[in-house]
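Sequential numbering from 1 applies to the sequence shown in this note's numbering.
Since the hints were made in silico from the structure, they are not lab data.
Predicted, not measured: the structure shown is a model, and the values here were computed from it.
We put the CB at the ideal spot given by N, CA and C, even for glycine.
Any given hint could be a false lead.
To be verified - Label pairs and their calculated CB-CB ranges:
(1) K43 <-> T110: 43 to 49 Å
(2) P128 <-> L188: 16 to 22 Å
(3) D105 <-> V177: 31 to 37 Å
(4) F207 <-> P166: 27 to 33 Å
(5) F132 <-> G159: 17 to 23 Å
(6) R82 <-> G136: 17 to 23 Å
To be verified - Listed below are the simulated EDC-like cross-link pairs for lysine to aspartate or glutamate, each with C-alpha atoms no more than 16 Å apart in a straight line:
(7) K43 <-> D212
(8) K180 <-> D144
(9) K180 <-> D212
(10) K43 <-> E100
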Amino acid sequence: MKLALVGLLIATPAWAETKPEPKPDPAAVQAGEANLESQATRKGLVFTFAAGGGITLGFGVRDSTGTGGAAVVRLAHVATPRTLVTLEIVGGGLLHQVKEGMGVDAPTTTYVNQVTNLLVGAQVYANPALWFRIAGGFGRYFGDHVTLESKPGQPRMIGNIRLAGPALSVGAGVDFVRLKRVRLGVELLTTGMINREGMLSSGGFLFGISVD
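Model the full structure from these sequences, guided by the hints.
Written as structure tokens, this is what we have:
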């Protein structure tokens with residue numbers, strides 16, 4: 001009888017005594033990962049340069065609407081597997097022509113108005129390729145040979161103007177090629193700056209390269 005009981009105990013499956021392991025709390029896992037170095041394909045510092053065509057719209061600022069070029073230089077630090085903290089310079093050039101002299105046959109000269117913004121922000125990846133960004137900071141505008149405000153009845157004056165003020169920028173992009181530590185992609189961005197004359201909005205469609 002005793003031998004039968006011993007045999008029965010030995011034959012009892014081990015899994016009957018094991019308890020299922022509790023599932024980890026997602027919030028606790030995410031909190032723990034926040035204090036660890038990212039294991040994503042992006043890590044450390046990421047340098048980005050992008051350039052392309054741009055457009056500038058001026059609201060209350062004379063001779064500040066037109067097309068030209070745009071570029072961005074961005075230095076980012078990987079904060080989490082999906083988030084980067086960015087420091088960037090966003091610039092644009094607006095081409096405009098000024099007639100030098102009177103009459104129909106007077107020659108025209110092309111000048112470039114410059115928009116430059118120094119921004120701090122965040123870049124968030126929705127998936128391994130698609131990302132969104134937002135940044136804020138300070139912007140400046142230099143208008144070269146633009147129409148200046150004159151008193152009623154006074155002749156039109158041409159000169160240079162400098163404006164500055166707070167700026168906000170938003171954008172989105174896609175990384176469509178990755179070669180080891182190099183990424184190629186496109187991005188669409190727009191930046192607005194408030195100044196004493198009104199508001200300037202500049203944007204562009206850019207092709208970029210990132211190195212991490």
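Exercise for the section: Could you check the structure against the hints above and give me the numbers of any it violates, in ascending order? Expected result: 3, 5, 8 and 10
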